[in-house]
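Required output: the full structure, derived from the provided sequences and hints.
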Amino acid sequence: MAGHRDIQVIVAEPAWRRLVRHADTVAARAARAAGARGTVVLAADRTLRGLNRRHRGRDKPTNVLTYASPAPEILLALGVIRREATAAGRRPAHHLAHLVVHGALHLAGHDHHHPGEARRMELAEARILHRLGVPNPWKRA
Numbered sequence: 001m002a003g004h005r006d007i008q009v010i011v012a013e014p015a016w017r018r019l020v021r022h023a024d025t026v027a028a029r030a031a032r033a034a035g036a037r038g039t040v041v042l043a044a045d046r047t048l049r050g051l052n053r054r055h056r057g058r059d060k061p062t063n064v065l066t067y068a069s070p071a072p073e074i075l076l077a078l079g080v081i082r083r084e085a086t087a088a089g090r091r092p093a094h095h096l097a098h099l100v101v102h103g104a105l106h107l108a109g110h111d112h113h114h115p116g117e118a119r120r121m122e123l124a125e126a127r128i129l130h131r132l133g134v135p136n137p138w139k140r141a
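Those letters in the sequence shown? Residues 1 to 141, per the working numbering, in order.
Simulated from the structure, these hints should not be mistaken for lab results.
These numbers were taken from a predicted model, which means no experiment stands behind them.
Do not take every clue at face value.
[Stated by the list, open to error] Restricting the straight-line Cα-Cα distance to at most 25 Å, the calculated cross-link-like pairs of lysine to any residue (SDA-like) are: (1) K139 / H94; (2) K139 / R32; (3) K60 / V41; (4) K139 / E117; (5) K60 / G50; (6) K60 / L132; (7) K139 / R83; (8) K139 / H106; (9) K139 / V80; (10) K139 / A93; (11) K139 / H110; (12) K139 / R82; (13) K60 / V80; (14) K139 / P92; (15) K60 / R32; (16) K60 / A44; (17) K60 / V11.
So, in structure tokens, the structure goes:
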């Protein structure tokens, strides 16, 4: 566990430590850079699948889920993030940082259901990730 400035990171799935060196630190830095408060949970696909099924009616894991109450929480799925990073040719640590920032922006009220909102959210993500030294995930290589 790592805690700093109102961020707590829980590594619920130990394999995160094999995928991303210092995964807890990467997640905490990204959450702080995005102004998040609360808890970041580095979980397994099965955890996010259960939550996704229960709360969104989708019986599959998803990369990130956020909950504003009872306390702010960002949950991330190891397998989904590993597969997405591989498919996109990105470093798993960079993809993790991106999705923590993405989740933090959702908690701050951002959304991406409409093109204008999506573009604003992408720009905000790119600015925050730039400060972290993470390449813009929206730029095509």
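Going through the hints against the structure:
1. K139 / H94: 14 Å, holds
2. K139 / R32: 23 Å, holds
3. K60 / V41: 18 Å, holds
4. K139 / E117: 18 Å, holds
5. K60 / G50: Since the Cα atoms of K60 and G50 sit roughly 8 Å apart, the hinted pair holds (cutoff 25 Å).
6. K60 / L132: 31 Å, violated
7. K139 / R83: Holds. K139 to R83 sits at ~19 Å (cutoff 25 Å).
8. K139 / H106: 21 Å, holds
9. K139 / V80: Answer holds: K139 to V80 is near 21 Å, not above 25 Å.
10. K139 / A93: Holds, at roughly 17 Å.
11. K139 / H110: OK: K139 and H110 at ~20 Å, within 25 Å.
12. K139 / R82: At roughly 20 Å apart (the allowed maximum being 25 Å), R82 and K139 satisfy the hint.
13. K60 / V80: Holds: K60 and V80 sit about 10 Å apart, inside 25 Å.
14. K139 / P92: 17 Å, holds
15. K60 / R32: 29 Å, violated
16. K60 / A44: 12 Å, holds
17. K60 / V11: It holds: about 21 Å lies between the C-alpha atoms, which stays within 25 Å.
Hint check: violations occur at hints 6 and 15; the rest are consistent with the structure.
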